[in-house]
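If you're matching them up, the sequences are chains A and B in order.
Here the working numbering is used: the first residue of the first sequence is 1, the next is one more, and so on.
Here the working numbering is used: the first residue of the second sequence is 1, the next is one more, and so on.
Treat each hint with caution, since some may be false.
Because identical chains cannot be distinguished in the list, a pair is counted as satisfied if it fits within a single copy or across any two copies.
No farther apart than 25 Å at their CA atoms in a straight line, the calculated lysine to any residue pairs in the SDA-like style are these [as the list claims (entries may be wrong)]:
hint, residue 1, residue 2
1, Lys213, Arg133
2, Lys22, Lys112
3, Lys360, Thr237
4, Lys22, Lys176
5, Lys377, Phe256
6, Lys377, Phe197
7, Lys196, Asn169
8, Lys173, Glu423
9, Lys112, Thr13
10, Lys200, Glu172
11, Lys213, Arg363
12, Lys112, Thr338
13, Lys361, Ala277
Derived by calculation from the structure, the hints in this document are not laboratory data.
Each chain is listed here by its residues.
Number of protein chains: 2
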Amino acid sequence: MTQLESARKGIITEEMRSAARKEGADPEFIRKSIEEGVVVINKNRLHRSIDGLAVGRGLKTKVNANIGSSQDRVDIEEELTKLRVAIEAGADAVMDLSTGGDVNAIRRAVLKESTVAIGTVPIYQAAHDARKRGKSFVELSADEMFDSIECQASDGVDFITVHCGVTRNSVEKVRKQGRIMGIVSRGGALTAEWMKFNKKENPLFEEYPRLLKIAKKYDMVLSLGDGLRPGCLADATDRGQIEELIILGELAMRAFDEGVQVMIEGPGHVPLDQIEANILLQKRLCNNAPFYVLGPLVTDIAPGYDHITSAIGGAIAASAGADFLCYVTPSEHLRLPTVEDVREGVMAARIAAHAGDIAKKTRGAMEADITLAKARKRLDWDEQIRLSIDPVRARRVREASPPEDESVCTMCGSLCAIKITAEAEH
Amino acid sequence: MTQLESARKGIITEEMRSAARKEGADPEFIRKSIEEGVVVINKNRLHRSIDGLAVGRGLKTKVNANIGSSQDRVDIEEELTKLRVAIEAGADAVMDLSTGGDVNAIRRAVLKESTVAIGTVPIYQAAHDARKRGKSFVELSADEMFDSIECQASDGVDFITVHCGVTRNSVEKVRKQGRIMGIVSRGGALTAEWMKFNKKENPLFEEYPRLLKIAKKYDMVLSLGDGLRPGCLADATDRGQIEELIILGELAMRAFDEGVQVMIEGPGHVPLDQIEANILLQKRLCNNAPFYVLGPLVTDIAPGYDHITSAIGGAIAASAGADFLCYVTPSEHLRLPTVEDVREGVMAARIAAHAGDIAKKTRGAMEADITLAKARKRLDWDEQIRLSIDPVRARRVREASPPEDESVCTMCGSLCAIKITAEAEH
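Chain A on its own, in the form it takes in the complex (with noise of 0.2 Å):
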C-alpha cells in the first residue's frame, strides 16, 4: 500500500509518525492530511536510508537543494560533496539531476549515501542515454521514456518531476498569447520538441495511467512539472503556465484516486506583486494538493545573486501557502553550482522557508524568534550563535572582528543600545 492507501484505511505508518515528531503534530494529523492530499510523505518503498519526508499544509516549508553533474562538469566525488554540504546546511531533500558521466552510478550513490529524501527527472537521463548512443532526443520511443522512469523508481528514488501537463494545447497557448523567453524548463522544452518533431501528444499525458502504475509500485512521489514555467517576470503567470496548471490539476486528481501522491510544481520567474495570486491559483486548481516552487525570482536582472532574489520570491510564496522551496544559487543562469554555491542557497532558502512559516504561523517557527531574541536581551553571544541558522558562519563573522568589551560587538561598542537599555533598567 502506498502512504495515501494507508492513510485511506486509516493506518498510521512508521513513516507518518515519525514525520509527526519532527513536526511536533499529532500523527492523526499527518494521516488525515495525506488521507485529503493535502501532505505527501516522500519516501520510495525501497529506499530503506530515509525516514521519509512529509510535505504540506500545516506543516513546516520544506526546502529542497539540486546538485549533478552536467555534460561540462562530471565529478562524482564533487557531487557527493555537494549531498553532504547540502544535508549539512539543512536540506529537507536533495535533487540528483545529473546529466553527464555515467548518471546510474552518481545517482545510486547519492541514493545510497543521503539521509533525505531524493528526487530526480528521469528525462534527463533519457535525453542523456539518447545522446550518448547518438540519437537525438526526439528519436527516443515512449516505451524508453517510462523505461528510465521505471529504472530510477527501481533504485529508490523518492519523487520524480514527470511533465505531464505540456501537451499541444498548453503549448499551443503559450505559442498563442506569446512570449519573450519561451519555454524555459529543460524538461519542457525537450518535450514540446520531441512532440513537434513525432507530430504526438505528450507520453507522459497520453499514456499517465502507465505513470501512475510505476509510482504506485514504489509509492513514488510524482511531481508534477511546471514546464511551461515562466522564464522571465514578463512571461509569469500567461495563458499557457495556467493552461498547464489547469491540466496538472486534473491529473494529480486522477493520481490522488489511484493512491498515488503527487506535488505541484511552479515557477519560477514572477513578479513580487503576483505570487500571492499564484498560490491562490494552484491551490484552487489543484484540490490543495503540496506546492513545490522554484524561487520564484523577483527580478531578472540579478545574476550573481539569484539566492537572494529567490529568497524574495520564496519567503512571499511560503507565507502565501507554497509548501516546498526549491533553492537557487548563487550561480543560477550562470553556471553549474559550486560546493559554496550548494551552501550558500540552502541557507537562502532555509531563510525564506523560515520568515514564510512565521507569517503563517506553522507551528513552532515563532519559538525559534523569540529564543534567539531572548538570548540577544541577556548579551549572550554563545547561546545567540548557537541557536543562529548558521552558527558556523555566526561565529566566524563575529571573531574576526573581536570587540574589546567581550559583551557588546564592534558595530557599537559602549554605545550598544541593549546595554545602554539594561543598565537603566537597573
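Fit chain B to the given chain A structure using the hints.
Relative to the frame of chain A, chain B by itself:
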C-alpha cells in the same frame, strides 16, 4: 528658500530638474510632489558636490548604506573606501554613523568625497564627545545636543536622523505593554536614558522649533527616527512603536508647515505578514511623507545573513510603498561591517528596491528586466552581463566555469532549454 518653499511658490529648482532627469519624470511632477510633502530632495544648501537625492512617492526606491567608525574600529581610510565601494555598488545615499576617533574629521572627509547625499545621526557625536570629555551622555545639556546638530548641518550634511518621537508618553507605552528586546535603537536608548536620568522630556521633542530652525537654514532634511522600533519580531507593531509613529506624524506636519522637508523612519524587525500594515500605517499617520525603512528583517535567527533577511522585508516594504531602504549587511548583529560587507549589503538592498519597484510599477523598472530577458533569449552573454545589476560578479561567476559550447553555460550544456526551444522554433 528650502526646496519645499520653492515648490510652494511654483518654482522648479535645478535640483528638481536633475531629479526629474534621473527618474525619467516631468520636472513639474517632482515640484508638485514636493509641494504635497510626498517627495523630498536631500541636499544641504552648503553641500555643493552633489546633485541632490529625491526620495518619495512615484520615484524609484532608493538605497542607503551605513558606514562609519566605532569605538573598537577607527580607520578613516577604510571608511572612505567603504564610501567609494558603496557608491560604486549603486548606493543612492550614505550615512556616516561614526562613533570612534575624530568623528568630525571623518564626516568632513566623507562629505567632501561623496557624490551622493550624506546623512548622519548627530546624537552619536554628542555621545562620543561627552565620553571624550569624561562625561556621561545623560549629563549633556539640551544646548550641547543642538550644538552638535548645528555643527553637522553647517558641515553640509544632507539629512539627519533625530529621535524626536521618543517621549515620556511613547516610552511609557513601551514599558506598559512589555517587550522582549526593549529599546534597540542607539539614539532611542540614549534619549530614553537621558530622560530618565534628568526627569525631563526629550529636548528634541520639547524644543522642536529650534530643530526646525536649523533644518530650514541649511535645507537639511529631517529624518524623524524610530527610536522605539522593534528589536525582534515578537516586539513588532506594538503600542510603543505605533504611539511614536503617531507623534512623528504630528511632527512631520509641523515641519511641513514651516517649510522643512521631512522623511519618517521605520522598522526594523517585522514578521513578513505585518510589513504591509506597517507601511499603510506610516502613510496614513504621516500624510504620505516619504518612508525610510531599516530592513525590515523578517526573522531574528539569521545573523551572518541579515542582508538576505532584510532584502526579503525590504522588497515587500518597497512594493507596499516604502520609498527608501537602509541596507543591512551580513555583519549586522555581529560586528562593524567590512568593505566587502558594504558591497554585499548595497547589492542586496538594490535587488529588494528593484523588486519592489517592479511590483509598484515604478517608471522604467520592468523595462530593465525585459531588456535583460531579451538578451538572455538571444543567448547574448556579453549583453546579459552588461545589463545585470553587478556585471563584475556575473562575469566572474560565469568565467570561473567556462562551457565547452560558448553559447550556453555549464549548468545545462547542450540541454539548454533556451537553445532547444530556439532550435525547435526554426
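Honestly, which of those hints from before does the structure not fit? Hint check: 1, 4, 5 and 11 fail, others pass.
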